[in-house]
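S.K.: Take the sequences, apply the hints, and build the full model.
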Amino acid sequence: MSFINYSSREINCKIVFYGPGLCGKTTNLQHIYAKTNPDLKGKMISLATETERTLFFDFLPLALGQIRGFKTRFHLYTVPGQVFYDASRKLILKGVDGVVFVADSQIERMEANIESLENLQINLKEQGYELDKVPYVIQYNKRDLPNAASLDEMRRVLNPMRAPDFEACATVGKGVFETLKAVAKGVLTDLKKMGR
Amino acid sequence: MIAACPKCNARYRVNPIHIGSDGARLRCARCQAVFRVRAPESAGSTAAARPAAAPIPEPTPEHDFDRTRLVVVADPEEDSGKRTAAALSEWGLQSILVHDGVEALLTIQRQLPRLVVLDAALPKMYGFQVCEIVKRNESLRSTRVVLIGAIHQSDRYRRPPSELYGADVYLEGPDLPDGLLPILRQAGFPLVESAAAAPAPVAPPQPAVAVPAAPPIQAPAQAAPVAIQAPAQAAPVAAPIEAPAQAELVTPEAAAPAAAPVVADDPLAAERSKAERLARIIVSDIILYSPEKFDAAIAAGNVAEALDSDLDEGRSLFQQRIDPRVRDERNFLVEELIRVAREKGMQ
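Order-wise, the sequence lines are chains A and B. The working numbering puts the first residue of the first sequence at 1, with every later residue one more than the last. The working numbering puts the first residue of the second sequence at 1001, with every later residue one more than the last.
Incorrect hints may have been included.
To be verified - Here are the simulated SDA-like pairs of lysine to any residue, each with C-alpha atoms no more than 25 Å apart in a straight line:
hint, chain 1, residue 1, chain 2, residue 2
1, A, K174, B, L1288
2, B, K1344, A, P146
3, A, K174, A, D152
4, B, K1274, B, R1339
5, B, K1274, A, E118
6, A, K71, A, L40
7, B, K1344, A, A163
8, A, K185, A, D39
9, A, K71, A, N12
10, B, K1274, A, I45
11, B, K1344, A, K174
12, A, K193, A, R162
13, A, K125, B, E1313
14, B, K1274, A, R155
15, A, K133, A, G175
Calculated directly from the structure, the hints in this document are not laboratory data.
M.R.: Take a look at the structure:
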């Protein structure tokens, strides 16, 4: 749930990049961070242990405009993707305003994608959210790999709700900002609805 | 009787009449442990009086299917599955229609069909996973697999699935059922190519989770020592308890144990399938995050020991998620780790 700072007239929103291990969540964030104007972004913080890597940074994209005179500040998080770090994922998901599910297009990782998506639904439900009610987009990452499943197959398996979805190759930045814009748009639309 | 490996808990069906008064030694194919089994008390006297060559049961399909005409159709969609089954029926063939991967695998193991039409994206277990298991199973060597892509797109997979999963033929969904005709002709099926003849397609005899009888037992070619027919490797995915490959009697004095994969009435099949899936995902994650360590362990031939600490977190997740009755059956994580390592060439 977005946090409103009245003194600085800012609305803080939390977007979480979810997905299975090594699907490219961190690569997405690194690309966004690298390509964002330094004046508009905060520090990039990596909360990493030896095996568990979580990334967090916040930034303030002025271009996304204001809502009733309040600037919107987006905090982007990734979760650890490995299946056994569920406790960390639950924690990071608290108070989420928008979710990006980053799927690994390699056919060998399809089962991990499904597990991660089911896990996302369970963890959201525990906090009283439904995936179809939260601003949510899917990114099919690693489209450049030779063992990528077809887009139709990915959609059929991972996106029965027909959420906005994007093909990406996060290592070169393809599809990264399209994904971010779509989820940010969803979050802002929700905020405007709540403001009415 | 059922004999369980004391080390990894793999279970085998052994005919007690083949066990002598001092028992027989079995080697577990899963963990290679050798253990002794003894006949139950009541069977002891029977064993002493048994004829020299015990009759070995023939495969016993539960229904009167004609194997030479039998096709298993695994299609997630009721309508398209029925269309395919109806066409097969028109061509004078028998068919069993199933709608998920677990059901498909069980039906294939029970009925030993001559051909399987397998949709790649089945629920519960993917068609390509079923295909891999079928192709590893010696007793299903003669079963041809037609793998069906769900989407009509030539570039659906960048690598042809037939190359990846060992299917005999690859067909795209919209080409069903007519695309099957040349495949059936090529496979030598006795086709009736007029639309009148033909028995109706039959529903699967039992739901996937409740399998009433043991699967057909493959008669061994020679008397002893006799290999227990089973999948060539421990199945990586949801399946009933299966005897792994190469389990064999190691004492020459023990005659052929008519052993077969154990498929009993099993209310825990779904939970077991869940456990196997979770094991695959955990192991896949561990290998992804520690590829060098995994490769080194393969080279040293000690993946279970080398990655033991990496499995700890996976074990605690298993504790939380899997029913203890299934969890304690066998070491799902280590078995999956070893399976993947063997696929990558570990001796």
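S.K.: What hints, given by number in increasing order, does this structure fail?
M.R.: 7, 10 and 11
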